[in-house]
Amino acid sequence: MKSPVSVLALAAWLLSAPALADLKVFACEPEWAALAGELGGARVEAVAAVTGAQDVHYIQARPSLIARVRNADLVVCTGADLEVAWLPLLLRQANNPRVQPGQTGFLAAADFVTLLEIPVSVDRAGGDIHPFGNPHIQTDPRNILPVAVELSARLRAIEPDGAAEYARLLEDFRGRWQQALERWQARAAALAGMEVVVHHNSWIYMNAWLGLDQLGSLEAKPGVPPSAGHLAALLAQIGSHNPRAIVRAAYQSARPSEWLSGRAGIPALVLPHTVGAVEGADDLFAVYEVMLDRLEGVAP
Amino acid sequence: MNRVPFAFFALALPVALILVPEELSAQGVVSGNAFNPSISLILDGKYSYYSDDPDDLVLPGFLADEEIGPPEEGLSLGESELVMSANIDDQFYGFFTAALEDEDGDTEIELEEAWIQTLALPYGLGIKAGKFYSDIGYHNVKHPHTWDFVDAPLAYSVFLGGNYGDTGAQLRWVAPTTQFIELGGEVLRGDSFPANGAANDGAGAFTLYARTGGDIGVSQSWRFGLSLLSADAEERDSGEGDVTFDGDSDLYMVDFVWKWAENGNSKLRNLVVAAEYMHREEDGDVAIEDSGDAEYDGDQDGLYAQAVYQFRPKWRVGVRYDYLTSSNDVDGFAEPTLLDDGDDPYRFSTMLDFSHSEFSRLRLQASYLDTGATDDTQIFLQYIMSLGAHGAHKF
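Protein sequence lines correspond, in order, to chains A and B. Numbered by our numbering, the letters in the first sequence go through residues 1 to 300 in order. Numbered by our numbering, the letters in the second sequence go through residues 1 to 395 in order.
Simulated from the structure, these hints should not be mistaken for laboratory data. Here a beta-carbon is modelled for each residue, glycine too, at the ideal position from N, C-alpha and C. Just to be clear, a hint being listed does not mean it is correct.
Within a straight-line C-alpha distance of at most 20 Å, the following computed SDA-like cross-link-like pairs (lysine to any residue) qualify [claimed, not checked]:
#1 K142/B to L89/A
#2 K131/B to D148/B
#3 K267/B to L111/B
#4 K221/A to R361/B
#5 K314/B to R124/A
#6 K314/B to A85/A
#7 K131/B to L111/B
#8 K131/B to L171/B
#9 K267/B to L181/A
#10 K221/A to L387/B
#11 K142/B to P88/A
#12 K142/B to S40/B
#13 K394/B to D215/B
Covered, in the sense of this in silico footprint (three residues per stretch, anywhere, with C-beta under 8 Å from a C-beta of chain B), are these stretches of chain A [what the hints assert, rightly or not]:
#14 44 to 54
#15 105 to 113
#16 122 to 134
#17 222 to 230
Generate coordinates for the entire structure from the input sequences, incorporating the hints supplied.
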């Protein structure tokens, strides 16, 4: 049996734990946590389930995440089945009716942007493909604004007292984001038509934004780790082409891209896929600044 | 009759007829199967080698379930498991899984789980009802295709017949704290081992559990739990076939799991360490056909500890240690298995598995089992394949 002291200590810790002042946002990915921070300011406490160093496909419904969803006022995730291996379980385990799909407290970003690569037919022989389309929408900064508008509306609906402040923050963010988009668009012109090879097929929205030409990917099928045979075939396929970079995310193994880099004489390049993924990508704006900096570094 | 409404309808009707189909087509095809539940099918097959005949396996000191037996010798098919699940509406979620098993040339269907769960209760509460795998312990809720080894831990085989699933209702509460705390309790029919006979008018077993867990930095996470399973047994059969038990069976469990992955990026490399300790107290009467009754008071303990390391994206290696010990009082006649409680069975297992994708796995396992009475070397080669929907697995 527990001693009275430890029971008291437990009670004190239980009572002190929740911070009641903030609207709590549980974001699956860091980009949505950062966006909630931009749109909620000091009124919002936003945490991300995944860090920039982790593969969002392979997260587990950890105890700490269940506790966070239990206490969340709003859950913001990419959706489109990106988190299918863990989010549904997390939502059912957390017993929080406010953040179930269909409620104001659940926002799937992919519902508010146009998805690319929606497969005509789905077969696992094609790898771990996403039947609703490619979910890696955040690599195109033009997809951020429509999500921001919806996210801000949800914040206002959940906490009407802060409506004026949320509206002000949205307009402020919209202005700064549109200016940034114009700045980035000017830089994008020099990159148009540049050929790249990617590790996982998670950069198509960036390619569409910057006009990059993707020659192939290191994974023969999405989700199946690169094999020596496929890399050799890819090397032959590169042949007369002139890709400028082998692009991967920070959480992906360096070995396959470095192997190909050594053989083909093409630089291996880590691009920020989200906030905190690489050095310098410390906020939402910096993600695309660093992305452009690094691509310009290998451009002809 | 006023002419204006008539003229309005005369004009509006054809317009409406034209508009309606266009509006429907603009919304896309609405087909019934878009609402089908997630369906997946698990295929499992293996080859098993035993240096001793597995049909002769006896664990001295324990009244175990009839289904304690290890996989059949030689080539065999494991459970072919069909799983269906979906949100029923905004308030309920439903889950169903049935296993088809090949036994001596006949196909048997076992309803493993069929339950509903609430999604929208307030105050962190949730209710589950139906037939389900009890939430006690760590390993208990896992279906065989998610096991890290070919077979269940020895303590689960002996004390729970592999795992404890029964029909009943569960109430679960998640505390509104930053630290994860979960409390739960279940009332169950009491028809599955270690309960039997649906005692107490069909409420022959109950469970209580409490667990907590969290992260240590970004690379580590853990969970710790305590559980109790209290069951009444009426004429419970055990592995011997002609031995039955009437009485109380209480099982106390402690479970711990710790996971590590560099920066929390488990895809490249990760380590999972899990351990459980169980203590069972049984009190009642045992009867052997044609030999009469005896009073039986048993104290038994079991534990396992395992570590599974994924050292490359597709490869994992694992080790597991199992241990059982018992101290039984049997008063009345000589019940050979129960009386023989001086032997402490143990098993050591090691496995290597390869997963080409998340949906396929091939495994090689070698085990050494010493029951005290006999020792046995076991080798298994197994495939586990999953077709269809992407299953979400618990921590």
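Comparing the hints with the structure gives:
Under the criterion of a C-alpha separation no larger than 20 Å, the hint pairing K142/B with L89/A is consistent with the structure, at around 14 Å. Between the alpha carbons of K131/B and D148/B the distance comes to roughly 24 Å, so the proposed pair goes past 20 Å and is violated. At roughly 33 Å between alpha-carbon atoms, K267/B and L111/B are farther apart than 20 Å, so this suggested pair is violated. At most 20 Å may separate the alpha-carbon atoms for a hinted pair to count; K221/A and R361/B meet this at roughly 17 Å.
For the proposed pair K314/B and R124/A, the alpha carbon gap of about 17 Å is at most 20 Å, so the pair holds. Our distance criterion of 20 Å between C-alpha atoms is met by K314/B and A85/A, whose separation comes to about 18 Å. Of the supplied pair hints, the one linking K131/B and L111/B holds, its CA atoms being roughly 8 Å apart against a limit of 20 Å. As the CA atoms of K131/B and L171/B are separated by approximately 14 Å, the hinted pair is consistent with the 20 Å bound.
Of the supplied pair hints, the one linking K267/B and L181/A is violated, its CA atoms being roughly 34 Å apart against a limit of 20 Å. With a C-alpha separation of about 17 Å, the suggested pairing of K221/A with L387/B holds against the 20 Å cut-off. Between K142/B and P88/A the CA atoms are separated by roughly 17 Å; this keeps the pair inside 20 Å, and the hint holds. Under the criterion of a C-alpha separation no larger than 20 Å, the hint pairing K142/B with S40/B is consistent with the structure, at around 16 Å.
At roughly 16 Å between alpha-carbon atoms, K394/B and D215/B fall within 20 Å of each other, so this suggested pair holds. Residues of the stretch 44 to 54 of chain A lying with their CB closer than 8 Å to a CB of chain B number 3, which satisfies the three-residue condition for coverage. Counting residues of the stretch 105 to 113 of chain A whose CB falls under 8 Å from any CB of chain B gives 0; the rule of at least 3 is not met. Residue count for the stretch 122 to 134 of chain A with a Cβ under 8 Å from a Cβ of chain B: 3. That meets the three needed, and the coverage hint holds.
Against chain B, the stretch 222 to 230 of chain A contributes 3 residues with a C-beta closer than 8 Å to a partner C-beta. That satisfies the three-residue criterion, and the hint holds.
Comparing the model with each earlier hint shows violations of hints 2, 3, 9, 15; every other hint is respected.
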